[in-house]
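Below, each chain spelled out in residue letters.
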Amino acid sequence: AQTVTQSQPEMSVQEAETVTLSCTYDTSESDYYLFWYKQPPSRQMILVIRQEAYKQQNATENRFSVNFQKAAKSFSLKISDSQLGDAAMYFCAYRSNDMRFGAGTRLTVKP
Amino acid sequence: DAGVTQSPTHLIKTRGQHVTLRCSPISGHKSVSWYQQVLGQGPQFIFQYYEKEERGRGNFPDRFSARQFPNYSSELNVNALLLGDSALYLCASSLADAGTLLGARGYTFGSGTRLTVV
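Here the protein sequences line up with chains C and U, keeping their order.
Take the first sequence: its position 110, counted from the start at 1, is 110 in the numbering used here, and no numbers get skipped.
Take the second sequence: its position 91, counted from the start at 1, is 91 in the numbering used here, and no numbers get skipped.
In isolation and in its complexed conformation, chain U is listed as follows (with noise of 0.2 Å):
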């Protein structure tokens, strides 16, 4: 069965471009969520989605958004990228409301889209 898949795997923007990154979750899942890796840093919680509406946000800016297809796969967007936003992104999926415990026990990460902002 294939896993959470994220592409692309690595992007390089200029400054105040904007990125379009794309995640589709393990056939049956009907959650995803988004987090931010800085170098050196743990993930940073972005977005959780679930049957198409968002169930929770992190502290990141209005440049940053978001949205769940019906098939369940997902974008997240960034608008007028700036140097910080140079980072890992992973996405994740749950076949549960990843907000609820029950979410939580299936909760399987991508190998992440490399952002590199110029």
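The shape of chain C in the complex, shown without the other chains (with noise of 0.2 Å):
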């Protein structure tokens, strides 16, 4: 079975900081979909960056970044420049048959 862990229940940064958040995964497929959602406290999922197994090259949106190693099931979520906005849960998820998610991690942006 899939499963998926993030190591860090909490994270801070400073403002205009960097941060990593850090998660692995465990899965003997070789097509799937890696995903870092932000739930913040209206609850509602938001999409922060999406990852394709197949591909080698590491997605960036903006600010965000990910850090794919693929041999070692490991997908972490780089967020520079970090705004008072970005605090929220955030959460790593494998997606290929259905959607499997991690504990989360929350993050704390201090002024």
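If you are wondering where the hints come from, they were derived from the structure by calculation, not from laboratory data.
Quick caveat, the model's predicted, so the values are computed rather than measured.
Cβ atoms here follow ideal geometry from the backbone N, Cα and C, with glycine treated the same way.
There could be a bad hint or two in this list.
Said to hold, decoys possible - Partial chain C-side listing against chain U, Cβ under 10 Å, derived: (1) Phe35; (2) Gln39; (3) Leu47; (4) Ala72; (5) Lys73; (6) Gly85.
Each chain sits in its own coordinate frame; assemble them with the hints.
Put into structure tokens, the structure is as follows:
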């Protein structure tokens, strides 16, 4: 069974600094998607970034980028120039047949 | 364009009762998936429907059931509610079969229904 592990329950970053959130997953499949979602107190899951497993190039979306290491089954999220609005729960997710989520990392941004 | 719409936003039920949660997907989306998110945890997959057929089921008891209507909206039903069913229930829609890689691309979540069982 596929599992997703986020080993950092909480992280904190100073505004304008860079922070990296970790995620590892376990799968025997070769084709899949990996996602990072942001969940603010409003509860809605907002897609931050997506990575196709067959692509070697790391995905980038403005201040958000990933470090995808397929052999190591690692998928970390880097947030550059952190902003107060980045504060939220961040979930790493794996998708093949259904979506599997990690337990989440609560990110606090200090002014 | 309207996003994924879930109703109601909040609900309080008593143990043993039945509840129906509703989800309207983004216009044109044919796949709907349901998730349960217990406080402090990540969402857990319950069901996925595509073109009115069940395409996936998570590890939930038979008290949980769902269906998808011809207009692609969906209902999640939970019978004989337990205190442990208290959670945020999230619905997500996508254009294609969410079990495919194409369907995974446009996966969009609603804001959820907060169910409290007392």
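Taking the hints in turn, this is what the structure says about them:
no.	hint	result
1	Phe35	holds, 8 Å
2	Gln39	holds, 9 Å
3	Leu47	holds, 7 Å
4	Ala72	violated, 21 Å
5	Lys73	violated, 17 Å
6	Gly85	violated, 18 Å
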